[in-house]
Amino acid sequence: MEGFLQALAAGLLIGAIYGLMCVGLGLIFGVMRVINFAHGDFMMLGMYAAFYLFTAAGVQAVFGNTVGPFVAILLTGPVLAVFGYFVHRTLISHVSGTRTASLEGEGHYAQLILTLGIALILQNGGLIVFGSVLASIRTPLSSSAWELGPFFDMSIFLNKARSIDAIVSLAIMSLLSLLIARTRIGKSLRAAADNPTAATYMGIDVDRAHRTAFALGCGITAIAGGLLATNYPFHPFVGLEYVIVMYAGVVLGGMGSIIGAFWGGMTIGLVQQMSTLILPTQLQNAAIFAVFLLIVFFRPQGFFGRMVERT
Amino acid sequence: MLRIEGLSAGYSAKPVLNDVSIEVGAGQFVAIVGPNGAGKTTLFKTISGIVKPSGGAITFDGVDLLAVPPPRRAHLGIAHVPEGRQVFPSLTVMENLEMGAMTESGRRDWRANIERIFEWLPVLKERRSQFAGTMSGGQQQMLAIGRGLASSPKLLMLDEPSMGLAPSTADFIFERLIEIRRKSGLTMLLVEQRVAEALESADHGYVLEAGHVVLQGNNATLRADDRVRKAYLGM
Chain A
81 MEGFLQALAA GLLIGAIYGL MCVGLGLIFG VMRVINFAHG DFMMLGMYAA
131 FYLFTAAGVQ AVFGNTVGPF VAILLTGPVL AVFGYFVHRT LISHVSGTRT
181 ASLEGEGHYA QLILTLGIAL ILQNGGLIVF GSVLASIRTP LSSSAWELGP
231 FFDMSIFLNK ARSIDAIVSL AIMSLLSLLI ARTRIGKSLR AAADNPTAAT
281 YMGIDVDRAH RTAFALGCGI TAIAGGLLAT NYPFHPFVGL EYVIVMYAGV
331 VLGGMGSIIG AFWGGMTIGL VQQMSTLILP TQLQNAAIFA VFLLIVFFRP
381 QGFFGRMVER T
Chain B
4 MLRIEGLSAG YSAKPVLNDV SIEVGAGQFV AIVGPNGAGK TTLFKTISGI
54 VKPSGGAITF DGVDLLAVPP PRRAHLGIAH VPEGRQVFPS LTVMENLEMG
104 AMTESGRRDW RANIERIFEW LPVLKERRSQ FAGTMSGGQQ QMLAIGRGLA
154 SSPKLLMLDE PSMGLAPSTA DFIFERLIEI RRKSGLTMLL VEQRVAEALE
204 SADHGYVLEA GHVVLQGNNA TLRADDRVRK AYLGM
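For the record, the sequence lines run as chains A and B. All residue numbers for the first sequence refer to the working numbering, where the first residue is 81 and numbers rise by one. All residue numbers for the second sequence refer to the working numbering, where the first residue is 4 and numbers rise by one.
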């Protein structure tokens, strides 16, 4: 019982970060319908950006070892958003949005090849620039825990760094949900996702909406990456490990649903941690995909997939 | 207000419009009729900038429209109510109307506009928090019209508002449109396959066949024309 609760807690904490990571990708896919293979590598850049902001850019000196990492992580959001903005402007926009009409297969082939190319460049470029040594963002909180309880002789230990990660993640998720649901920008992003042609008739610049979504998606996933980095060491090829999880989360949540992607990521985090109760740790990822297949078998549209449309 | 001169357009190698000239004066209600595939929808898409023309000119309020990027055209005062409605299915009715009001003038006049739209199309008020994708075809058409009106347009372009609707629903939508026009004095450009109704209510009409304007004139001339009577009015 104690083991179960402990795994549940660990799953919820890591799930919150996975959720945020998936939301970044889900936003890009939902608004642009572009499959971004490089998204894991954008997250890798986010991890290194957080690392260097913390160590080299003076954040450590100003904010110290406890608060500093989180300040650096939050700062990576805007940094990677700007990076994403320029990647979209210089590369992605040529094969997506309003340009797709003149491309074969609505530009999907070109998008796959382009984002795969960006992924390879980022991975190998990362290897050249950052080296192959494992890096990590250590904070004193990474190795200490809060004790919940005891309830009926049972105590649950929550890693402090991961707990704060989860709180930051939920806060950003709430802000994003508000942005998408309430603001003019959020509504025009959804309109552009629903029907880009009709959005153009409304006076919405669809390419600009896509650029906003791409920048936001990169920034959000970068923050999730920074949060992960407080507990997991990383290297230039770390994106590959996570991009699969991101896609699984987005599909579980329902393709095109931004909130769904969060719950998809949360589910994956939970399954990953809970599976350790009955399976050896090496089978964690196998367990994720077994559950993934099961859910998709019974609910192919995902948790929040749209099935209500009439045409 | 809208002047189209010698417009030619098409998709890759296939020309759809050939030397089309159409004029819509301020306050006029102009109908373009013609069979399926005549190029009516392509004409609208060219005005909105989704299709690039291969020749000709379009001016709107003295502005060279072809030099204006497509998303900016709505801001000049052109509202396009597209074929097949194309409401935003995952947005609510209210949010759809807000999208219509993305233009500067739509934002400025939002309160007055929404009041008028709810008065003219009361079903939208009743269903304002419903997702547009779950509404019936007729309701979606009314939403598409309301969304167009929400931008405070100078010109309302309607692409087959009767498409895919039951005849009684289509009649109802036509009545609404005529009432809206009577009350607002809005300039309207209508494309329609229901030729009799369209010509009856419009001031001026054009007959488009295989990408050419084959006939034009005011409402009485067209309805008296033998070819129109035989081919479209079944007389």
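In case anyone wonders, no lab produced these hints; they're calculated from the structure. Even glycine gets a Cβ: it sits at the ideal position worked out from N, Cα and C. One or more of the hints may lead you astray.
[To be verified] Facing chain B, according to a computed beta carbon distance under 8 Å, are these residues of chain A, among others:
hint, residue
1, T135
2, N275
3, M282
- Message: Is the interface hint satisfied for M282(A)? The criterion is a beta-carbon contact with chain B at less than 8 Å.
- Response: Since the shortest Cβ distance to chain B is 5 Å, the answer is holds.
- Query: Was the hint right that T135(A) lines chain B, CB cutoff 8 Å?
  - Reply: 43 Å, violated
- Holds or violated: is there a CB of chain B closer than 8 Å to the CB of N275(A)? Constraint on N275(A) satisfied, holds at 5 Å.
Checked against the numbered hints above, the structure violates only hint 1.
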